[in-house]
Amino acid sequence: MSSAVTTAMKDSDIQSELRALARKFAENELRPIVDADEESETFRPELIKKLGGLGLTGIPVPEAFEGAGLGYSEYCVVIEEIARVSCSYAISVAVTGLPQMILAASGTEEQKKKYIPSLARGDGIGSFALSEASSGSDAGSLRTTAKLNGDHYILNGTKLWITQADVAEVILLMARTGEAGSSGVSAFIIEKGMPGVRCSKREKKMGLSISHTMEVVLENVKVPLANRVGPEGQGFKAAMNALNGGRITIAATAVGVARGALEVAISHAKEREQFGKPIAEFQGVGFMLADMATKLDAADLLVRRAAALRDAGLPYATEASMAKLFATDAAMEITTDAVQILGGSGYTRDFPVERFMREAKVLQIVEGTNQVQRVIIARALTK
Amino acid sequence: MWFFSDEQKMLSDTVRQFAKDELAPKIEHLDHEEGFNRESFHKMGALGLLGITVKEEDGGAGLGAIEATIAMEEMGAVDASTTLSYLAHSILCVNQLGVNGSAEQKKKYLPDLISGKKLGGMGMSEPGAGSDMLSMSTKASKAGSDYILTGTKTWITNGPNGDTFYVYAKTGDTKKDVSTFIVERGMKGFSTGKKFSKMGMRASPTGELVFDQVKIPEANRVGSEGGSVKRMMENLDLERITISGISLGIARGAIDVATQYSKDRKQFGKAIGSFQMIQERLTEASAWYEACRHITYNTAKMIDLGLLVGKEASVLSAKAKLQSAQMATQVALDAIQILGGYGYTREFPVERMMRDAKLIEIGAGTNEVMRMIIARQMLGEIAAL
Chain A
0 MSSAVTTAMK DSDIQSELRA LARKFAENEL RPIVDADEES ETFRPELIKK LGGLGLTGIP
60 VPEAFEGAGL GYSEYCVVIE EIARVSCSYA ISVAVTGLPQ MILAASGTEE QKKKYIPSLA
120 RGDGIGSFAL SEASSGSDAG SLRTTAKLNG DHYILNGTKL WITQADVAEV ILLMARTGEA
180 GSSGVSAFII EKGMPGVRCS KREKKMGLSI SHTMEVVLEN VKVPLANRVG PEGQGFKAAM
240 NALNGGRITI AATAVGVARG ALEVAISHAK EREQFGKPIA EFQGVGFMLA DMATKLDAAD
300 LLVRRAAALR DAGLPYATEA SMAKLFATDA AMEITTDAVQ ILGGSGYTRD FPVERFMREA
360 KVLQIVEGTN QVQRVIIARA LTK
Chain B
0 MWFFSDEQKM LSDTVRQFAK DELAPKIEHL DHEEGFNRES FHKMGALGLL GITVKEEDGG
60 AGLGAIEATI AMEEMGAVDA STTLSYLAHS ILCVNQLGVN GSAEQKKKYL PDLISGKKLG
120 GMGMSEPGAG SDMLSMSTKA SKAGSDYILT GTKTWITNGP NGDTFYVYAK TGDTKKDVST
180 FIVERGMKGF STGKKFSKMG MRASPTGELV FDQVKIPEAN RVGSEGGSVK RMMENLDLER
240 ITISGISLGI ARGAIDVATQ YSKDRKQFGK AIGSFQMIQE RLTEASAWYE ACRHITYNTA
300 KMIDLGLLVG KEASVLSAKA KLQSAQMATQ VALDAIQILG GYGYTREFPV ERMMRDAKLI
360 EIGAGTNEVM RMIIARQMLG EIAAL
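In the order they appear, the protein sequences are chains A and B.
Note that numbering that gives the first Met the number 0 gives residue 111 to position 112 of the first sequence, counting from 1, and the numbers run on in steps of one.
Note that numbering that gives the first Met the number 0 gives residue 163 to position 164 of the second sequence, counting from 1, and the numbers run on in steps of one.
Heads up, some of the hints might be wrong.
[To be verified] When the alpha-carbon atoms are kept at most 20 Å apart in a straight line, the in silico DMTMM-like pairs for lysine to aspartate or glutamate are as follows: (1) B/Lys194 - A/Glu38; (2) A/Lys200 - B/Glu38; (3) B/Lys174 - A/Glu109; (4) B/Lys269 - A/Asp137; (5) A/Lys276 - B/Glu367; (6) B/Lys54 - B/Glu233; (7) B/Lys262 - A/Asp137; (8) B/Lys107 - A/Glu272; (9) B/Lys54 - B/Glu346; (10) B/Lys194 - A/Asp137; (11) A/Lys269 - B/Glu367; (12) B/Lys193 - A/Asp137; (13) B/Lys265 - A/Asp34; (14) A/Lys276 - B/Asp131; (15) A/Lys203 - B/Glu233; (16) B/Lys193 - A/Asp34; (17) A/Lys276 - B/Glu233; (18) B/Lys194 - A/Glu109; (19) A/Lys203 - B/Glu32; (20) A/Lys203 - B/Glu346; (21) A/Lys203 - B/Glu33; (22) A/Lys200 - B/Glu380.
[As the list claims (entries may be wrong)] To give an idea of the chain B side of the interface with chain A (calculated C-beta under 7 Å), a few residues: (23) Thr151; (24) Trp154; (25) Ser196; (26) Leu304.
Worth flagging that the hints you see were computed from the coordinates, not collected in a lab.
Model, not experiment: these values are computed from the prediction.
Glycine is no exception: its CB is placed at the ideal position from the N, C-alpha and C atoms.
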């Protein structure tokens, strides 16, 4: 049993409805399978489809493309609730959101009509491919090439750390069409089944194992001109814009993971007795809980601020980086402390807190490492 | 350390080579499969590591806390799981039999344990008695010339596959009425219950010991009836100083990997080690490791020289463990961060090192218990519960 921990601010009516819907789904559909599936690294696309049936996979996408037409403030509530039970499925929803957001912002009407609805309904899974073996934080140095050849491009290269590429219907992929550096990068839609696209390896990871992380090899892949998103040389900009939004969703994921961990820690501290009283009555434990809850609320508020700015159409990139940096660092600390409060029990797989701790770690790395977030924030402060 | 003798340096080299040859090739697989490197124990036996602190006349190596800690650090740098099982065997079981066992008991049990033919463990924690260990409820009731042992022990390292256990149980009604019994696999009524699936230390099996009316001959009682509390506490001090060696090993291993990666990995046209943020993490890790290394080996040295006894030994051991355990988790977390996506995969050992390091903040007394021990010495009565 766990004690519910209230959000930092009261949800709006629509947020509250979405939260209840997502929580019910997470408790009924994800909670029963998450531990075994993490162990066996099993991803179930049908669960994304079910989420889609509830209208939860295309929250920030316009209704014209079968999304819910809502904002990031609502999107984050849903992602947080999924992450509270399964970080892997929260990441799956967030990553399926990336190509939707890039297409909605930079795609042609045909591209939007052709690709967004299926992803927004949860029928198809989306993926996003930027990183390579030698270009991680330094994303602008990527080497995958796209050479124009009449009415199509020929793509060659290898992408690394690509979430759910093995099950994706659409991969939004960045490749070099021009000179060195970020201005030579363009964005392409890679469709399932295109000849020459191959998932060569699945990473074995510390956690987040339901979510498959793939190496994708492109060998002379013929991609129609119509599949280029935006003008040549604008791909990197589109990717970075999508990542700005993505950082808010990762921060929301961190809030969900941390909330899940804090709830378990509070229940355990109230129930577990040592030296004749509940361990929550010891300051060493009680103060730890107090710090965890304070960090969680601060993270929640930073997420809400970044989402509200984006929803209002105001600049939000720096605030998104701050939310991502703070919320994921907070999640790492909160989950680590939750394991500590549960002691030996917390270290076993009988309780979810050790999984939350393993999941929190990846959030400090994805969507730009927290080192990269600091670079972004520092540059914004001093430019 | 500057005060290591030539023999201690040689031991360090020998164990480092052993870890490289025997532990390193297997650990990634064993960690994933939750297996156990049983063969390595036979080889540790041949090297004289299993009875490292036992007197030579009892068949041991006759060495002290320093040498045991060196062995922990060298093996821990490569494979903390097997090292933890080694600790449970050599420090919690074998050392205790060597220190407290009668001549007959030593003769009967030590040879097989020191050769590695049998695997040892210790039983103290219970589901309701973790940090509050003296509230244990496993009971040994006298019945003629035997004892009847009833209760359940939990979190027992080597529990699922051990042969010989050094078990604490109550022989009276007060907190201090703790006695010790040697329990062997195969005794009627003794079973090893559930095996835990853990975050880390996965190649070191952890489980329950279940005693259902187990008849234990009086000859298996170690020491006097009700006389075990002090012995138990003394052993916990040795456990805490030697387990700090595992934390040191994990941290050293993680620092080595992160340093090499910072030299090799290029982003933005240069090695990431040229960025100050990476330098900050590496230098803080190295400085904290060094500080922990000094407090740990100095404490071991003082214990070996008899300069540190009783509460003083408990407090300094607690300080060494509190810092070393926290240091290793943080250093391993930072190593993952420096390696980024690669660090999160099982292709590099740092994610395993982090999962392993966390255990030492919990096992052998949680960080909170270490603080309690230190606070009691600093504040006296007002810090008593």
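Evaluated hints:
With a C-alpha separation of about 16 Å, the suggested pairing of B/Lys194 with A/Glu38 holds against the 20 Å cut-off. Only pairs whose Cα atoms come within 20 Å are accepted, and A/Lys200 paired with B/Glu38 is rejected, the gap being roughly 32 Å. Proposed proximity of B/Lys174 and A/Glu109 is contradicted: the alpha carbons are some 77 Å apart, above 20 Å. The straight-line distance between the Cα atoms of B/Lys269 and A/Asp137 is roughly 10 Å, inside the 20 Å bound, and the hint therefore holds.
A C-alpha spacing of about 15 Å is found between A/Lys276 and B/Glu367, which places the hinted pair at or below 20 Å, so the restraint holds. Taken as a hint, the B/Lys54 and B/Glu233 pair is honoured in the structure, with Cα atoms around 17 Å apart against an allowance of 20 Å. Distance check on the hinted pair: B/Lys262 and A/Asp137 sit about 16 Å apart at the alpha-carbon level, within 20 Å; holds. Our distance criterion of 20 Å between C-alpha atoms is broken by B/Lys107 and A/Glu272, whose separation comes to about 40 Å.
For a cut-off of 20 Å, the pair hint linking B/Lys54 to B/Glu346 is broken: about 42 Å separates their Cα positions. Restraint check: the Cα-Cα separation between B/Lys194 and A/Asp137 comes to about 45 Å, which exceeds 20 Å; the hinted pair is violated. A distance of roughly 17 Å separates the Cα atoms of A/Lys269 and B/Glu367; the hinted pair therefore holds under the 20 Å criterion. Taking the CA atoms of B/Lys193 and A/Asp137, the gap is near 48 Å; set against the 20 Å cutoff, the hint is violated.
Simply put, B/Lys265 and A/Asp34 have alpha-carbon atoms about 37 Å apart, too far for the 20 Å limit, and the pair is violated. Restraint check for A/Lys276 and B/Asp131: the C-alpha separation of about 11 Å stays at or below 20 Å, so the hint holds. Between A/Lys203 and B/Glu233 the CA atoms are separated by roughly 42 Å; this puts the pair beyond 20 Å, and the hint is violated. Of the supplied pair hints, the one linking B/Lys193 and A/Asp34 holds, its CA atoms being roughly 18 Å apart against a limit of 20 Å.
As the CA atoms of A/Lys276 and B/Glu233 are separated by approximately 27 Å, the hinted pair breaks the 20 Å bound. A threshold of 20 Å between alpha carbons decides the hint, and for B/Lys194 with A/Glu109 the separation of about 57 Å lies outside it, so the pair is violated. Taking the CA atoms of A/Lys203 and B/Glu32, the gap is about 13 Å. The hint holds against a cut of 20 Å. A distance of roughly 7 Å separates the Cα atoms of A/Lys203 and B/Glu346; the hinted pair therefore holds under the 20 Å criterion.
For the hint linking A/Lys203 to B/Glu33, the alpha-carbon distance of about 15 Å falls within 20 Å, and the restraint holds. Restraint check for A/Lys200 and B/Glu380: not satisfied, since their Cα atoms lie roughly 60 Å apart, outside the 20 Å limit. Because the beta carbon of B/Thr151 sits about 14 Å from the nearest beta carbon in chain A, more than 7 Å, this interface hint is broken. With a least beta-carbon distance of about 5 Å to chain A, the hint placing B/Trp154 at the interface is held under the 7 Å criterion.
Interface restraint check: B/Ser196 against chain A, minimum CB-CB distance 4 Å, threshold 7 Å, status holds. With a least beta-carbon distance of about 33 Å to chain A, the hint placing B/Leu304 at the interface is violated under the 7 Å criterion.
Checked against the numbered hints listed earlier, the structure breaks hints 2, 3, 8, 9, 10, 12, 13, 15, 17, 18, 22, 23, 26; every other hint is satisfied.
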